[in-house]
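Trainee: Use these hints to put chain F onto chain D, whose structure you have.
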Amino acid sequence: MSPWRRQGWLPLLALLLGAAGPRSGFETMTPELQAMQRDDAGNPGMLSVLEGEALFAREGCAACHAAAALRGVAARYPAHDAARGGPIDLAGRIAECREQRAGRPPLPRESQPMLALQSFVAHQSRGLPITPDPRLAEARAEGERLFRERRGQLNLSCAQCHETLAGGRLAGANIPEGHPNGYPLYRLEWQALGSLQRRLRGCFTGVRAEPLAPGSPAALALEAYLFGRAAGLPIETPAVRP
Amino acid sequence: MARTLIRVPATATRGEVIEIRTLIQHPMETGYRPDAAGRLLVRDIITRFTCHFDNRLVFEAMLHSAIAANPYLTFTLRAEASGVLAFAWDGDHDFRHVETRALTVT
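So the protein sequences, as listed, match chains D and F. Heads up: the first sequence at position 41 corresponds to 96 in our numbering, and the numbers run straight through without jumps. Heads up: the second sequence at position 4 corresponds to 6 in our numbering, and the numbers run straight through without jumps.
Extracted from the complex, chain D is given alone in its bound form (with noise of 0.2 angstroms):
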């Protein structure tokens, strides 16, 4: 081993060159966190996880899906979609499955079912990196748009907190870089499983502005944006957050 990577001076330099890449939100918590999150037995968010992989079962998904064929699946989504000529994201694809070709009736997008689901789903992803879909450019940078547009009372941008003022810290809060990658993830706050688009309303709420409408294009657009400036994060589903 280098001396430089012993006395931990890469990350250092890096940090001061600027080429540190996105960093998780996890880099950020406190060690007791990030050991929840790492602790299969600890994490809350795992019983989702297995509440998923029965419904995977029991709704009839194992018939066509082997779980294993399943991994990679979430690091590259919002995908592009031919039928709709735009992105899908993974919540979408699975309701659309589930409705489709296992014949369900539609459930609610953040219903505790479809979150166990989409945990099951995204655990089979973790630890692989995020790999953008190419097709998506377009929606990328109507989402970037959106991130960059200050908005609400408080006419705050999305950039402003997770680029700008990143690593900083809101009241008692670490300002994280943003990122997309562990979710549904278990947010000690909510006490319970969450998807990314009930973290989302917080932040849109939290500048007093009106909160996207799940699955609309825009919402869409931003989703493809958070998860192309996430790119090469490993997925984490499901993470832990304070």
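A couple of the hints might just be wrong.
A few chain D residues that face chain F, going by a derived Cβ cut-off under 8 angstroms, partial list only [unchecked claim]:
(1) 97
(2) 121
(3) 246
Label-pair distances were calculated between CB atoms; the ranges are [stated by the list, open to error]:
(4) F:63 - D:270: 41 to 51 angstroms
(5) D:158 - F:34: 35 to 45 angstroms
(6) F:90 - D:223: 24 to 34 angstroms
(7) D:265 - F:19: 48 to 58 angstroms
(8) F:97 - D:257: 22 to 32 angstroms
(9) D:82 - F:49: 31 to 41 angstroms
(10) F:68 - D:87: 36 to 46 angstroms
(11) F:40 - D:227: 20 to 30 angstroms
(12) D:271 - F:19: 47 to 57 angstroms
(13) F:50 - D:124: 42 to 52 angstroms
(14) D:165 - F:34: 22 to 32 angstroms
(15) D:257 - F:34: 15 to 25 angstroms
(16) F:90 - D:214: 44 to 54 angstroms
(17) F:101 - D:243: 16 to 26 angstroms
For the record, the hints were derived by calculation from the structure and aren't laboratory data. All residues carry an ideal CB built from backbone N, CA and C; glycine is no exception.
Mentor: Chain F in isolation, oriented as in the chain D frame:
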């Protein structure tokens, strides 16, 4: 039925102090929170957790309203002999969940 995550070492040597971790899915509704319409949500918590080793009580905890959802409990035991660990969670509205795990002591 509630889902649980339980970690018990598969084997232990006689006299070894082992760590047991348990996590159970439960809302732990405090009884102090209003719903969207302003009505108080009925309290729904786990009130007692026990661990028996071959029918002998070896660990017990009383839980109260301020404890977070999905209670996570970790405790240690000295492994003296092989046997069965029985975990039980009891709570409001006749909530009861029981799990067992075998412990092999060599």
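Trainee: Each hint needs a verdict: does it hold in this structure or not?
Mentor: Hints versus structure:
1. 97: holds (6 angstroms)
2. 121: violated (23 angstroms)
3. 246: holds (4 angstroms)
4. F:63 - D:270: 41 to 51 angstroms: Cβ of residue 63 of chain F to Cβ of residue 270 of chain D: about 43 angstroms, so the range 41 to 51 angstroms holds.
5. D:158 - F:34: 35 to 45 angstroms: holds (43 angstroms)
6. F:90 - D:223: 24 to 34 angstroms: violated (46 angstroms)
7. D:265 - F:19: 48 to 58 angstroms: holds (55 angstroms)
8. F:97 - D:257: 22 to 32 angstroms: holds (30 angstroms)
9. D:82 - F:49: 31 to 41 angstroms: With a Cβ separation near 38 angstroms, residue 82 of chain D and residue 49 of chain F satisfy 31 to 41 angstroms, so the hint holds.
10. F:68 - D:87: 36 to 46 angstroms: Given a distance of about 19 angstroms, which is not inside 36 to 46 angstroms, the answer is violated.
11. F:40 - D:227: 20 to 30 angstroms: holds (28 angstroms)
12. D:271 - F:19: 47 to 57 angstroms: holds (55 angstroms)
13. F:50 - D:124: 42 to 52 angstroms: Holds, since residue 50 of chain F and residue 124 of chain D (Cβ atoms, about 44 angstroms apart) stay within the stated range.
14. D:165 - F:34: 22 to 32 angstroms: holds (25 angstroms)
15. D:257 - F:34: 15 to 25 angstroms: holds (22 angstroms)
16. F:90 - D:214: 44 to 54 angstroms: Once the Cβ atoms are compared, 51 angstroms apart, the range 44 to 54 angstroms for residue 214 of chain D and residue 90 of chain F holds.
17. F:101 - D:243: 16 to 26 angstroms: holds (25 angstroms)
In this structure, the earlier hints numbered 2, 6, 10 are contradicted, and the remaining ones agree with it.
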